[in-house]
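Trainee: My request is simple: use the sequences and hints to build the entire structure.
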Amino acid sequence: MPIRTAVPPRVLTVAGSDSGGGAGIQADLKTMLALGVHGMSVLTAVTAQNSLGVQGAWELPVDAVRAQYRSVVDDIGVQAVKTGMLASAALVETVAELLAGTDAPVVVDPVGVSKHGDALLAAEALDSVRTKLLPVATVATPNLDEVAQLTGVQVTDEDGMRRAAAEILAFGPRWALIKGGHLPGEAVDLLTDGSVEHWLRAPRYDNRHTHGTGCTLASAIASGLALGQDVPTAVEGAKAYVTGAIRAGFALGGGIGPVDHGWRTRQAG
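Start counting at 1 in the sequence shown, then tack on 3, and there's your number in our numbering.
Hint data in this document are derived by calculation from the structure and do not stem from the laboratory.
One thing to keep in mind: the hints can contain errors.
[Said to hold, decoys possible] Taking CB as the label site, the calculated pair distances span:
(1) E127 x A70: 20 to 28 angstroms
(2) Q270 x D233: 23 to 31 angstroms
(3) G257 x D148: 35 to 43 angstroms
(4) G39 x H201: 20 to 28 angstroms
(5) D148 x D209: 20 to 28 angstroms
(6) R207 x E127: 32 to 40 angstroms
(7) P138 x G188: 15 to 23 angstroms
(8) A126 x R207: 30 to 38 angstroms
(9) P64 x A103: 18 to 26 angstroms
(10) S74 x R165: 39 to 47 angstroms
(11) L36 x D233: 20 to 28 angstroms
Note that the Cβ used here is the ideal one computed from N, Cα and C, for glycine as well.
Mentor: Given below as structure tokens:
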């Protein structure tokens, strides 16, 4: 086989570790590999986590996060950045400052709670997310629980998703992707920049093994942006990828299993 010499696009994830491998940094790097980009990481927190929930979480010092970020960006460079679990106001503000000085698109997944309902963001950090982090986002990808945390809007239908998008956009991101997976019926998401709407619909699969969907979607969007796609194209491709990963999700442990990040490879085989 020929030896590859071209350097793939580089994507940086700034997020927490999931020891169970289904979400967080682990899901991000698996997604990036699957989509043909080189994944790099800045670890913000370590969690003790499995299919049953989060048993513990320990955030890293601000200096450690900043040093990781500068080490990667100053030497290797990035074509896109994705943020996930940031845990505290100090980390949110530090990461927002670093992102503001980086010339690359940013996908912000404003992680507030885990799939099991465990808090992953301190309540006092919400205002920092609103005023510091969202303004530097190219795309913000809140689910409906995170929409409620950040805006107070309780979404029960598609009209509610429009209201939620307007509220999120008011904080400053260029695009808002409101994930409607918690609504009944089709898995529907709304992508908008305030002037144009893209409704993305997919069938809902009877599979409860959906751990890591939000991390995976945001990382897939960042990968598409790093590959040179515009935002709607990157989001559409990410939606297709994560839908397939949900469909192929598998049982792991005694609780909620992960989506299958390698579903395309296994399907091809």
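Trainee: Which of the listed hints are not met by the structure?
Mentor: Violated: hints 3, 7.
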